[in-house]
Amino acid sequence: MMNSKPSWQVLLALVLCTIAMATMPMLASEATAPMSNGTTTLVIGLIALSGVASFAMFSGLASAAVLFVGAHGAAWLLISGISGNEGTARMPYFLLLAAAWLLAWRCVAVLSAIRPVSKQVRTFLRLLIPAIFGAWILIIWEAVTRGAGVPFILLPPPSAIAARIGNSLPILLADVRQTIFKAVLFGYIVGCASGFIVAILADRVPFLRRGLLPIGNMVSALPIIGVAPIMVIWFGFEWQSKAAVVIIMTFFPMLVNTVAGLTASGHMERDLMRTYASNYWQTLFKLRLPATAPFIFNALKINSTLALIGAIVAEFFGTPIVGMGFRISTEIGRMNVDMVWAEIAVAALAGSVFYGVVALIERATTFWHPSVRGGRA
Amino acid sequence: MLMTVNQATATSVGSAVVEARKLGLTFQTNDGPVRALSDVNLTINKGEFVSFIGPSGCGKTTFLRVIADLEQPTEGTISINGMTPEQARQARAYGYVFQAAALFPWRTIESNVGLPLEIIGLSKAEQQERIKRTMDLVNLTGFEKKYPWQLSGGMQQRASIARALAFDADLLLMDEPFGALDEIVRDHLNEQLLRLWRQTNKTICFVTHSIPEAVYLSTRIVVMSPRPGRVTDVIESTLPTERPLDIRESPEFLAIAARVRDGLRAGHSYED
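Sequences listed follow chains A and B, in order.
Residues in the first sequence are numbered consecutively from 1, following the numbering used here.
Residues in the second sequence are numbered consecutively from 1001, following the numbering used here.
Chain B extracted, bound-state conformation (with noise of 0.2 Å):
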């Protein structure tokens, strides 16, 4: 296993987009210090499209958040394109998508998606362009003029990943993205995602704990396990990037997934 996580750090350096080395973060709460991440060491290479896995706690959305930089990891060392990850942020270098869809429900919906690029300070024409491109994008195409309460919540989470994207950032971090929508929104979702990320080459980072979900979207699939939050393994998918949903039946797709499987469960993950 540890073999794995080290043969993944050693590729490619040249291109990596993420670099994390001995990362860990320690929370100082009420109740003591909590591990949330622990000797983290994981690259992430330009073009990826990587999910991160494992039960609630087990630090998945907080490596997600310390590339953000809206957490500041305690030890070790992480870099973005080669910057800090604050350096990185004020270079706009990712867009995130977050839980929910987080949109502004005094803005429109194409006023949303064209929030960060007033923020940037993009000429208006510029704008235009970029939100009609973006929303043509995520299939949103004649709701400009909605309201974020007038529409579906799966249309909400398409409009705030199509914010993400308006800004044009190589590396995409999604945090749980259709963890709230139903099962058939959600699969309908994972299939023009998949789409988006061939059309647009991006590196995408992709918190889950769907099995299904992590194994049908990515190319590679990092298990992590909780107290303290570290990785146990990082699986490379042998699914060819076509994917159409019924793949999701073939044995290969199973065998991918039955790893994950045992990942979670070799990392104690389902004790208490």
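Same shape as in the complex, but just chain A (with noise of 0.2 Å):
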């Protein structure tokens, strides 16, 4: 029932659509293979009738799904309509694809809405929700960067570059295989590891605590674009160089994170581990530094995009002819901006799927931290 009364969405896109009939046609006059009356009739319909269906719909589900249907059809003839027809679009196309977004944005709050019984379809909802809010960027990108003709240097549409990086695997994955797997994983792990180790000799020994953390502090502010060629200098043009690079920047974060997490723990604990006569080592593995996981995750989900960063700017500054970085400097210079757009999809790509992994681990790990179960303390 709550979805059967009209919504702001569908009527302004109701009215975009009237607007749109009155302003035709569609492409300037110049264009090669104008959009057929009938495409135009169609796309039209669909928004209109799936936007008025919606009302009528007594599920959530149901009128979402007309939604989803009305709105991304639409979207699509309209993008397979402007091809061969670039820079052509007049404003009835940019009326109709703002009306069917408007539907699309309608279809999601829908779904927002709906409190599904069954964990299946919630998980479901809990993916397919963001995944219509990720399409719509690329399909406003796609359809207005076509529709409009803007120049390819400034800005390629999505399915240039998706079809840039079916055209390069091989030299993308040689240059993920430098990067990632070499630069950045290396010094992740060394940079990470070496932050926390030191962060535990800092606890055990005060003259460290005074004297290391205001020195880390400055460090960290250390500015990577100074630092990097330096690092090439000392360690080369290989990934060794790039990886030290990562290590001076995830070091710190995890240092002072976990420095922060030891003293997490409470007094009460602490004096119970007192009273169980427990040593320094019992006490901070069964007590301090479980206490100080939620820290150290913190620490490495921050990292995992540090790292990443750091690896491919390090790469501006001397690298092998491999790497991501190397090829964003190179290919910039060559204006193939395509291939920079790849590359930037590559590493937006590892990069949630590295954050991804650390933030499942921690999970797993943490799960009976209140911010992870969403219970009270």
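Just so you know, the hints here were simulated from the structure itself, not pulled from any lab data.
Be aware that one or more of the hints could be misleading.
Claimed, not checked - Cut-off 27 Å, straight-line C-alpha distance, at most; resulting in silico cross-link-like pairs (DSS-like, lysine-lysine): (1) B/K1145 - B/K1132; (2) B/K1146 - A/K286; (3) B/K1022 - A/K286; (4) A/K119 - B/K1145; (5) B/K1145 - B/K1124; (6) B/K1145 - A/K286; (7) B/K1146 - A/K119; (8) B/K1046 - A/K286.
Relying on the hints, combine the two individually framed chains into one complex.
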């Protein structure tokens, strides 16, 4: 019932359709393959019909399904209609695109309001909602760059980037291997591990805590751009110099977080360990490190993205002829913007997977923490 | 009043578990020194159930912490089973129950109860045996695999008592263990604690600020008063060992409670 009342998104979409009809045609007269009247009617019909039908549906799911089909069908027709006619789109094209987007918005809003009982459906929805969201960023990007004929060098459409990724898989793989599997992974592991170990040492040895931490804060403020070329001089052009930059970048977040986390266990818990005559290491392993875990994972997550940035930027300062940063800096010089975007896409994907893996391990390890189990302390 | 204190300290020195002589503790704070304890003379004998009662700041918790070697006295002497508090702590002579359950949320109930046993370094089999026994003692059988946050407050506090009992020290120090629980749960736990005390024949030091709780549980009630923290009265309970909950309506019970209340008032504890 809740979805049967008209929503402003759908109403606005209908208004946009009406304006679009009044300002036809969709494409300028110089278009080489103008859209047929049939296609135009189909787009408007899809948007209008699915919009109106969504009011009539009694279940949220049915309403969302109708909106989903209408919005994406219309978007598909618009994008396929513009192919061959790049840069000739007129106002109705963009109005209809906006209308389709509003339907998708309404679709996501309806889906977000659904409270499914079954766990599978809930998981499915949790993945579907951001997927629709992300898809529309790509759809609008594609439709606008092609419809308005945005110069390729400024912003290539996602389809061109995808095609470039498909065509250059071996190069991209080699770059990923060089940058991520060598520099990032090595630097990340060594940087995080050494940050952790130094934090334990600083906890054990008071003079380290007093002396090292302020200096640590200063070093962490060092600009990465300044450090990277020096690392190249010290460690050579190969991946080792990039790993060194990553180590410097990841060391301090881990150090600072672990030191903070080690003080996180409560007084009562520490008194308790004292009443058991527990020694330093027993207290560390049985109380303080488990209590530090949320802080450590925080640092691991921050570092997962920092490491990638560090390695890519470091490759700008001298590298063998492979690597993501190298590819970005050379291909931009050759105006191969699609290759740059392809690398960016791959980096974003790799960074998300990296972050996601760390976050999954965190959920499994700190299941007891109120922020994970969603309960009270 | 003073006479009672002296009488108490004079009795049966041989079986004394805790023995304090002219004990004093002064905290150095930013606002100058604070006398948390002053001239405390007290002997606690084996098998006694001693309650410490008084308003906040009277040093009852501090005294318990001194016994546990969590605070160091600045004057006088104290011995636990003839040892210094430090030695007694190293010998794991006591179990301590805090105001909150202080269970580790990343451990299941049974592994929380087993924590001191792990630290002492008992064998796995011995650990299992003792965990089972103490969980049974506090009626938590069936909740071994649960996590603390899946249990009610009363059950958590029972688990923390089980943890303090697990390594079988003869002395149990309890610092307002039921203070944060509602009255029904509290009555229930008080009953269980008495049963447990009779079963195990342990010496229990129990800090509270509830008069009925102190009178219901104790064989002896130590009344304390603040600024400086000191003992103002020691009351021997005349109640029988077997104590159903409704004993709290008996004239005998009320008489002891009245005396505790008088003792608290005499210490000017409700001024300002």
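Do the hints match the structure? See the list:
no., hint, in the structure
1, B/K1145 - B/K1132, "holds, 12 Å"
2, B/K1146 - A/K286, "holds, 18 Å"
3, B/K1022 - A/K286, "violated, 38 Å"
4, A/K119 - B/K1145, "holds, 24 Å"
5, B/K1145 - B/K1124, "holds, 17 Å"
6, B/K1145 - A/K286, "holds, 18 Å"
7, B/K1146 - A/K119, "holds, 23 Å"
8, B/K1046 - A/K286, "violated, 33 Å"
In terms of the numbered hints stated before, the structure departs from hints 3 and 8, listed from lowest to highest.
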